[in-house]
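Fit chain B to the known structure of chain A by using the hints.
Listed below, chain by chain, are the residues.
Protein chains: 2
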Amino acid sequence: MTDRFKEFHQLHHGDRPLLLPNAWDHASAAALAARGFTAIGTTSLGVAAAAGKPDGTGDSRDETMALARGIVRLPAMISVDMEGGFSDSPQQVGALAAELEQAGVVGINIEDGRPDGSLTSVRHLCEVIAAVRQAAPRLFVNARTDAYWVGVGNPGVVAIERAQAYQQAGASGIFVPGVEDEEAISTLVKELSVPLNILLLPAGPTYARLSELGVGRVSCGSVLFRLAVHSAVEFAWAVAHDGESRSDLPSYAQIQALALDFKGERGTA
Amino acid sequence: MTDRFKEFHQLHHGDRPLLLPNAWDHASAAALAARGFTAIGTTSLGVAAAAGKPDGTGDSRDETMALARGIVRLPAMISVDMEGGFSDSPQQVGALAAELEQAGVVGINIEDGRPDGSLTSVRHLCEVIAAVRQAAPRLFVNARTDAYWVGVGNPGVVAIERAQAYQQAGASGIFVPGVEDEEAISTLVKELSVPLNILLLPAGPTYARLSELGVGRVSCGSVLFRLAVHSAVEFAWAVAHDGESRSDLPSYAQIQALALDFKGERGTA
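These protein sequences, in sequence, are chains A and B. Per the working numbering: the first sequence = residues 1 to 269. Per the working numbering: the second sequence = residues 1 to 269.
Bound conformation, chain A alone (with noise of 0.2 Å):
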């Protein structure tokens, strides 16, 4: 058997980033994997919208367990986005941690944003790194700094701060969402040792570009859960008013490529 957690590490150091695609169920997972995704992230802005829940407030701790013990069976290494931790108790963390390291998840994404808005303290994240490098030293831990999303005066700064003592910590790699700008990624890149995630934002620098800036992975956040919602949606209000062209209809060959892992066929309704 390869050695999974191995294989994943290196990922972030190949001739391009890795590009995570991010699941938010088992289909959704089963998709990317079979349209051969070799390694798949969880967004749980998806995990908790799914559920009718709100994000980033830990409330999602038991459907993120689920889907990660799920997914683990499809062919892919599976990231699992676990938020703050899901506990204010780093040993907690570090044992929940160690639940989805044993369960074969290789990765997990952990953050510092809170949810009211604010950040934990450094002290804090340092804290809940350590405990989960203790109790699953294989897993790739990616440490998020939400230094960019909170209305910090200069997040840069912030960011590289942050990013810098998480690595110390002993995260694996280092995950800063919402920066777009190229020298700020670069400047990134270069203060830090471990591999820099980004996320594929809409105004930001394009999957090519993020290679070229030395970018170790490249993230897809929740734009694929966004995008799936707001393609159905749309979809159906153009059936019911008639602006649907029936080329758009997906057929069923296209279908049937999608290759989900349902094991039934009888029926599509």
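Honestly, I wouldn't trust all of these hints.
Computed from the model, here is a short list of chain B residues facing chain A with C-beta under 7 Å [claimed, not checked]:
{"#": "1", "residue": "PRO21"}
{"#": "2", "residue": "ASP25"}
{"#": "3", "residue": "HIS26"}
{"#": "4", "residue": "ALA27"}
{"#": "5", "residue": "ALA31"}
{"#": "6", "residue": "LEU32"}
{"#": "7", "residue": "ALA50"}
{"#": "8", "residue": "ARG69"}
{"#": "9", "residue": "LEU74"}
{"#": "10", "residue": "ALA165"}
{"#": "11", "residue": "ALA169"}
{"#": "12", "residue": "GLY170"}
{"#": "13", "residue": "LEU227"}
{"#": "14", "residue": "SER231"}
{"#": "15", "residue": "PHE235"}
{"#": "16", "residue": "ALA238"}
It is worth saying that the hints were derived from the structure and are not from the lab. Every residue gets a Cβ at the ideal spot worked out from N, C-alpha and C, and that includes glycine.
This is chain B only, laid out in the frame that chain A set:
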């Protein structure tokens, strides 16, 4: 308080068929409601696949009930796809239907297709329909025959026989998925006194044409779910292969327009 049960029945007798989009999770239902759909169905394929379970086998009972209990809080009338009823006992199906009615669900789908690809006996589904009507008299009971989906000799004849039996047993409406032929649809409309529900199909009549044919309800079935997953996966693939033009990324304005029922606003990953 308006009588949502009566209102849902009446939507089957308007100038145009009730166009029922089908949700698979809370987010898709919330987004459909936000887009103005006042009645929303569920798709058993979507609910099952989202949970990594097969469709039509009754395995998704808990997921279906949990979804129903969540989305009845949305500003939309909800009809729930109960597959074969999640039980072989008509009384137990009736009890489950009563739970849904109590929760505020206005309609259900109940089908004669079985996991092994055969049709259950006419008598069995008639007993289920009667039990549901007795236990949950306000529900719109949409009885579905899978005559066109299973390999019966003459699906048109079988569909009419079954539809009439289900109507006789107390069904509020009849759902015949899989039929694309306009003459067959017209015949079904003529032979039934309750509203006929047709599944929108790529090679079948358009919504406007189904309206002309006298259909009472048009269902999207699993197509929205399948389109959602398809859109997400293809987008991720295009990003990974640099085939993605930036304009295809949904903007934040579009995303905000989705008006998903999220409470948290801080994160987008």
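Status of each hint after checking the structure:
At its closest, the beta carbon of PRO21/B sits 4 Å from a beta carbon of chain A; the interface hint therefore holds under the 7 Å criterion. Interface restraint check for ASP25/B: the shortest CB-CB distance to chain A comes to about 4 Å, inside 7 Å, so the restraint holds. Given the 7 Å rule on beta carbons, the hint for HIS26/B holds: about 3 Å separates it from the nearest Cβ of chain A. Hint status for ALA27/B: holds, given a least beta-carbon distance of 4 Å to chain A, under 7 Å.
Hint status for ALA31/B: holds, given a least beta-carbon distance of 5 Å to chain A, under 7 Å. Satisfaction of the interface hint for LEU32/B is found here, the shortest Cβ-Cβ separation to chain A being roughly 6 Å, below the 7 Å cut-off. Among the interface hints, the one on ALA50/B holds; its C-beta lies about 4 Å from the nearest C-beta in chain A, closer than the 7 Å criterion. Of the supplied interface hints, the one on ARG69/B is violated, with its beta-carbon coming no nearer than about 10 Å to a beta-carbon of chain A, more than 7 Å.
Hint status for LEU74/B relative to chain A: violated, with the closest Cβ pair at about 9 Å, above 7 Å. A hinted interface residue such as ALA165/B counts as satisfied when its beta carbon comes closer than 7 Å to some beta carbon of chain A; here the least separation is about 20 Å, so the hint is violated. Hint on ALA169/B is violated. Least Cβ distance to chain A is approximately 21 Å, over the 7 Å limit. The closest approach between the C-beta of GLY170/B and any C-beta of chain A is roughly 22 Å, which is over the 7 Å cut-off, so the hint fails.
About 6 Å separates the beta-carbon of LEU227/B from the nearest beta-carbon of chain A, less than 7 Å, and the hint is met. Checking SER231/B against chain A: minimum C-beta separation of about 4 Å stays under 7 Å; hint holds. With 7 Å as the threshold, the beta carbon of PHE235/B comes within range of chain A, its nearest partner Cβ sitting at about 6 Å, so the hint holds. Against a cut-off of 7 Å between C-beta atoms, the interface hint on ALA238/B is violated, since the closest Cβ of chain A lies about 10 Å away.
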